[in-house]
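K.L.:
Chain B: place on chain A using the hints.
The listed protein sequences correspond, in order, to chains A and B.
Each residue of the first sequence is one higher than the one before, starting from 0 at the first, in numbering that gives the first Met the number 0.
Each residue of the second sequence is one higher than the one before, starting from 0 at the first, in numbering that gives the first Met the number 0.
Hints are computed from structural coordinates only; laboratory data are not their basis.
Treat the hints with caution; some may be incorrect.
Below, a list of computed lysine-lysine pairs in the DSSO-like style, where the Cα atoms sit at most 27 Å apart [what the hints assert, rightly or not]:
no.	chain 1	residue 1	chain 2	residue 2
1	A	Lys-344	B	Lys-106
2	A	Lys-203	A	Lys-216
3	A	Lys-344	B	Lys-311
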Amino acid sequence: MNPLLQVRSLSKRFPGVLALESVSLSVAQGEVLAVVGENGAGKSTLMKILAGVQAPDTGEVLLNGEKVHIDSVRTAQRLGIALIHQELNLADNLSVAANIFLGREPRAGWFIRRLDTESASTAVLQQVGLDVAPRTLVSTLSLGRQQMVEIAKALSANARVLIMDEPTSSLSQHETDALFRVIKDLRRRGVSIIYISHRLGEVKQLADRVVVLRDGKNAGELSREEVSHDNLVRLMVGRSFEIPRHRLETQSGKPKATSDNSALAVRQLRTAVFPQHALDFSIERGEIVGVAGLVGAGRTEMLRVLFGIDPAISGEILIGGQAQLIRGPRDAIDAGLALVPEDRKQQGVILEMAVRENLSLASLRRDSRGGFLNGACERSIAEEAVRALNIKTPSQRQPVQYLSGGNQQKIALGKWLALKPRVLLLDEPTRGIDVGAKQEIYKIMEQLAADGVAILFVSSEMEEILRMSDRALVMHQGRLTGELQRHELSEEAVMQLATGKSSP
Amino acid sequence: MKKIFGILGLLVFVIVVTAIKEPNFLNAYNLQNTVRWTSLFSLIAIGVSFVIITGGIDLSIGSTIGLVGSLLAYLLTMKGWSVPAALAAVMLMSLAIGLAHGLLITKMRLQPFIVTLCGLLIYRGLSRLITNDQSQGFGNSFEGLRHLAIGTFSLPFVPFAVPFPFLITLVVGILAAIFLNRTIYGRYLLALGRNETAARYSGINTDAMKMIAYVICSVLAGLGGILFSLDLNSIQPSGLGEFYELYAIAAAVLGGCSLRGGEGSILGVIIGTAVMRVLYNAINILHIPTHLEFAIIGAVILSGVIVDELVKRLAAQRRAARP
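Chain A with its partners taken away, still in its complex shape (with noise of 0.2 Å):
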């Protein structure tokens, strides 16, 4: 079978780096490619060059056997190229419709003909299999139908190769289900998808070919029989990588205190968004917790309420056994508790901040004298976080824009640990961060839990739950549906939970 794009030899130098070096990889026509690596691996530069974002240095690209010149985006349109973004690029004020045809409106003069633009979107709606008006506004579709109105758009612009860049990163596990459907169902129809992830088991459902990249070069390709974790984080790190047992298997006993003086305790808990439930959980000293569920089941919100950033409509919320008002973040950091929140970029860190900056930012307050901050004292923070989490920064003083996601991760969570907090609560602690940071933010997590913090996170990667919880809380819809013991969590019993069966 001759393949549809075939990219020879690529090579790409930014000032300081060679991004990809001498890059080749092919796909076929209604072939699924997985492209996976590290963070900083090439992925993103290869797929910014093929959709025409950015121009290689040397190297060439075929398309039917043909070279092909990409110079811009609209060259890869009309090529049909199109890059599906992990962040969403449309304009959520405009209808479905005015997006699937944002810049090639069907015209009449100066002027839109809506109606074709609105049966024309129907039909590729229904290729996607997306129930929706072609006159809704984007903003009110969920993040899942939001992606495959991206999709649509794509399509409608005969896209025969599409470029998908960790597409379910934020979608719910029936968003991706649905996803892989249309994918698959795409496949059939002869359409190429290059599909870029960190998730392995995706990469191991979808994949007829998978093509590692590691430093900028092709490390390796695993056809559809040899894909396997393991196989696949060998190429991806360069090194086998033994994923270890849980902690509990490995460390001898744990603390285990009564609930009268919980860490965290919960009591009738509402929040303004599912004011019907009540939420009642409580969390020991050392425990690490992990609260499953879909997307949308109310964890994000539940975090917000504990931290203070949204009122609490009713309930208690008890510290070491100490009932807290807590009317804002300040109470809540006061009382002991850290949100690392699940949108780095926004809420996290600030980017165009230094890294010593944003490490002493939640503790400023407490080691300043009569309001003066206290350089030596940043410094020591600064110093001791970036040594504790291994963040990789040429200086304290490099703005944290610059550092890859698993360091700025590390960033939002070390800023914290000066304070000491006796409840860590982290929202989705790993999305988007590369395997090796992944691993260094479960070490991090473990050694605060065994030095007595509290952890409760949200997480919506199953393998996360499994391999990190010693107790899981499962939400479906805002409410509490079941917990599970260690010896109880398995793949099935949460979702059963978080698709709303309660527990028996």
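P.N.:
What follows is chain B alone, placed relative to chain A:
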């Protein structure tokens, strides 16, 4: 730091060119005047830079100056208030104005542009109402008070008598720089200007910090209003301070503040103000038609901002080492 050298270079350039073309630029009287006006405008530019650092804007500065100036003269000459009482009244009023802006912006979630635009209109109307739109002045009395604005003192090695406002601005500037760079509150302002959500998630009371910024801005505008009115002695309630907010904002931006928030230095803002005043002075002294004043100042600021943006892009390109 690089930014300050850039704007300092521009200042030196304008001074040198003007001095070569017209040596009278360097005479004592002219220098003294330029320093006095730079000092006065620096006060309000420092004030607005705090607001700009939070990502906000204050358009009401000129009207606040007008209201404070008119009211001060009115209370002293028409109502016979004592000097301390009148000063306290106008300063308290400025503080209340800032607090009102802050509350409307943080608690009511109104946009700074709208709130302070309405302030611009309201305070101008109030100053005309209070004074019945009659021009005010201190006449020949209140010499001691007016000394604050028009008085001078001599310094060794300085060839001209230094105007008293220079001292006031020096003190305010040092305090402002300490507040911005050496206290946690300054750091909080810079942080929330960059990313308010992340700042709030780090336990910073962002609403309180923003209110402080608006209060600082209005209080410094009030102080400016006192000094401007004492300096001018003839106060038009409909005209005093008109457009001054734009001078202040322009000086702050020229001095390194970004309207996106999170950036700014006090020294830069003072130098930025000096550039504007020297330019203004140069236009007069070089007999450039004065109706070109706005056009020239506008063109210089625009070029400054363009150069700054280009430099920033170059730096970003160099830095974009990683994909």
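K.L.:
Are the hints correct? Go through all of them and say.
P.N.:
Here is how each hint holds up against the structure:
1. A/Lys-344 to B/Lys-106: holds, 25 Å
2. A/Lys-203 to A/Lys-216: Holds - the C-alpha atoms of A/Lys-216 and A/Lys-203 are around 22 Å apart, at most 27 Å.
3. A/Lys-344 to B/Lys-311: holds, 21 Å
When the structure is compared with the earlier hints, no violation turns up for any of them.
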